[in-house]
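Novice: Each chain, written out:
There are 2 protein chains.
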Amino acid sequence: MKIVPASEFSLRRELEYGSEEQNEAVKRIIEEVRRDGDAALRRFAEQFDGVSVAELRVSKEEIEAAYALVDESFLQALREAAVRIRSFHEKQKRTSWMDLQADGSILGQIVRPLRRVGLYVPGGKAAYPSSVLMNAIPAMVAGVPEIVMVTPPATAGVDGIDPHILVAAAEAGVSEIYRVGGAQAIAALAYGTESIPAVDKIVGPGNIYVALAKRYVFGIVDIDSIAGPSEIVVLADDTADAGYVAADLLSQAEHDEMASAILITPSQVLAEAVQAEVARQLATLPKREIAAQSIRDNGAILTVASLEEGVDAVNQLAPEHLEIITAEPFQYLSKIENAGAIFLGPYSSEPVGDYFAGPNHVLPTNGTARFSSPLNLDDFMKKSSVIYYSREALLRDGQKIIALAQHEGLEAHARAIQIRLEKEGNSNG
Amino acid sequence: MKIVPASEFSLRRELEYGSEEQNEAVKRIIEEVRRDGDAALRRFAEQFDGVSVAELRVSKEEIEAAYALVDESFLQALREAAVRIRSFHEKQKRTSWMDLQADGSILGQIVRPLRRVGLYVPGGKAAYPSSVLMNAIPAMVAGVPEIVMVTPPATAGVDGIDPHILVAAAEAGVSEIYRVGGAQAIAALAYGTESIPAVDKIVGPGNIYVALAKRYVFGIVDIDSIAGPSEIVVLADDTADAGYVAADLLSQAEHDEMASAILITPSQVLAEAVQAEVARQLATLPKREIAAQSIRDNGAILTVASLEEGVDAVNQLAPEHLEIITAEPFQYLSKIENAGAIFLGPYSSEPVGDYFAGPNHVLPTNGTARFSSPLNLDDFMKKSSVIYYSREALLRDGQKIIALAQHEGLEAHARAIQIRLEKEGNSNG
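Residue numbers (the numbering used here), protein chains in the order written: chain V, -12 to 416; chain H, -12 to 416.
For reference, chain V alone in the conformation it holds in the complex:
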């Protein structure tokens, strides 16, 4: 793991727009699903997944059968995680408000859940029960009545779908599950088919085809942000345990070769100790090849003159995950401007947040923590403004509204006010 000055390092990667062929393929798939509906979904399942899908929808019996296939310790841990995730997201609830003015007018904001949300769950090894909880529970807590999961029809598990995924979906409150993956699943969620009614928003990670399809249908439906490779930044001083820091860096590096694990420290002693620990711990990891390449290509130990300079470097990087393992971690909290999730102290290892603590593990990547947030209840709610203007208020403000409208050359706007002022027998405002 290389040790370099912080000033020489940047985490930002170019956006992924996909190749022309990939974009064309996605466009064609979406058009075919719009045209042929379920028939297109079955055709693509045979073509891409090598599976002949009889029933698109997973039945209640299949979900019940899945419970018999997962072991009790997994189910218990999953349920406790779900309780904690629900409890954290409950605190994000917002209420509508209406404000009565002295002139009799009422202004307000109504907050409502979306009606129907689609959750994409990748197939194979990238099918994580924890991600099902993290995406579905906030929608559930927000009050979304219809939460729809789609996932590729694979060739193992309960009729093709990993039973752990089915159990996680049931525990999280998913109301419908369909055997469909890839860009065709996104098209089905956006436009609807005979079997799958259209949704208002699509969330969940996926491969490049899924990401391009989400980008394409954005506007027809809402989408969550397109997730980039995962990142961790650890800001630590010489009070940190090098073994803990190295283990946390490696937990990020094992995700994939593009994942990025970075230590920022003013301590040369810690830098070298972590460097040695990473090498030592790496040797026995099952995913050591992936992790080693991630560390080599996208990992770094950045040296800084002080923790304050380290905080500046953190804000530049705007990491998805930030751990602060210093003598007094809370003292830097108010200075962290850009980070998806902030883990404080030696016991707040990133996997605590990935699985269990309660805050969401769907976090802004690739520097987007500058302007994006962890997945949260707001992502599953929408607002409407309320304007009830009183006669008194209109008579008072009418002429000013007319002046502004006329200045903008919008005479019909002015007349909509004028006709009322005339009828109410008072055009002096």
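Quick caveat, the hints were computed from the structure, so don't treat them as lab data.
Just so you know, not all the hints are guaranteed correct.
A pair counts as met if it fits within one copy or between any two copies, since identical chains are not told apart.
[Stated by the list, open to error] Distance condition first, Cα-Cα at most 27 Å in a straight line; then the derived DSS-like pairs of lysine-lysine:
{"hint": "1", "residue 1": "78", "residue 2": "14"}
{"hint": "2", "residue 1": "274", "residue 2": "112"}
{"hint": "3", "residue 1": "410", "residue 2": "274"}
{"hint": "4", "residue 1": "322", "residue 2": "78"}
{"hint": "5", "residue 1": "-11", "residue 2": "274"}
Following the hints, position chain H against chain V.
Specialist: Relative to the frame of chain V, chain H by itself:
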């Protein structure tokens, strides 16, 4: 204005992706701005705007000079509108929270303003001072320290920019103004140039090139939604004044031929009276050609069996603006699921909200009120999760976190917990 049953009408339009040529042009412009910076901006100003731009940044003196060019009644009305808009958006403020658990852990959510926001303001007749207020004030109230406006260098006004726009920007709290428009302005905001530091988010309306450029840089920076043609739906019964209803429909129709103005009513009497009033009022409107075409192509009077059925039609249409002019308008409020802004009663004409009442006039169009909200403070703030896990909590939950990580095949995640449990001398959880 045609009268048709509600069941036969749909408002939804296809998404606008632009032609291949437009997309290629935008891509090339963005690449040139990334490569050549300010020089590219000056080159495009000559090429597209026919203007040789000496200073990109508008000076303090130019802004002061603008004040001398706007009349007092405009300035007074603008200032009152600004006060009301500020006051409404103040109510959307949110606070950070941290929650101390019984086990000593702390979980929380920090809410912070974005650091730097860019506001695009179109040139020519589409330069609306009211839009400057509506886009900039929420950013200001959110606490964004740097609000940057860009607008095309035109050939009139104070050195090319309408003085009313400059005054509105100054009143709204815009901190920097640059003479640059089109896709090149979006590129400058997203990537930065020598004169214009990059922003975190871009808001504001623009033409197809601006919209395509925003779509292209989404991910490098955040963007607001791409606005479609404007829409109004009026839900009214026979207590409504046909003249008021017609005037409100026309105020929307004058925006452009693609704008959509729709009346939904169970009253045949009102339907016919509004039809007659629209024809009558249309005849004397300055923008009667635009309004007439809008009414003909995208306007309709939809008849329904009851107001309840009218509410269903509203929810299907998910209009940008909804007026409810019925005997008891508030009685339907809880049933309106999809609408950007809801105007209640006979005095709440849409222009009241466009200019003055306080709620934002930047609203979701083209059915996106199903999942989008009026521009609001959340659009200018971001959240970070906070996780401080105590030793006690980690010892209690460690084994469950390990179980979940191992199930997902993420052994390095499990080991990051395991190394702590071992060191703390307790691996029983």
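Novice: Are the CA atoms of residue -11 and residue 274 at most 27 Å apart within a copy, between copies, both, or neither?
Specialist: The answer is within: 20 Å in one copy meets 27 Å, while 67 Å across copies does not.
Novice: My question is about residue 78 and residue 14: at a cut-off of 27 Å on alpha-carbon distance, are they close within one copy, between copies, both, or neither?
Specialist: neither (40 Å within a copy, 43 Å between copies)
Novice: Evaluate residue 410 and residue 274 at a C-alpha cut-off of 27 Å and name the case that applies: within, between, both or neither.
Specialist: between (77 Å within a copy, 23 Å between copies)
Novice: Within a copy, between copies, both or neither: which one fits residue 274 and residue 112 at a CA-CA cutoff of 27 Å?
Specialist: within (13 Å within a copy, 60 Å between copies)
Novice: Since the copies are identical, ignore which copy is meant and state whether residue 322 and residue 78 lie within 27 Å (CA to CA) inside a copy, between copies, both or neither.
Specialist: Both ways: residue 322 and residue 78 sit 24 Å apart in one copy and 26 Å across, limit 27 Å.
In summary, the one numbered hint that this structure violates is 1.
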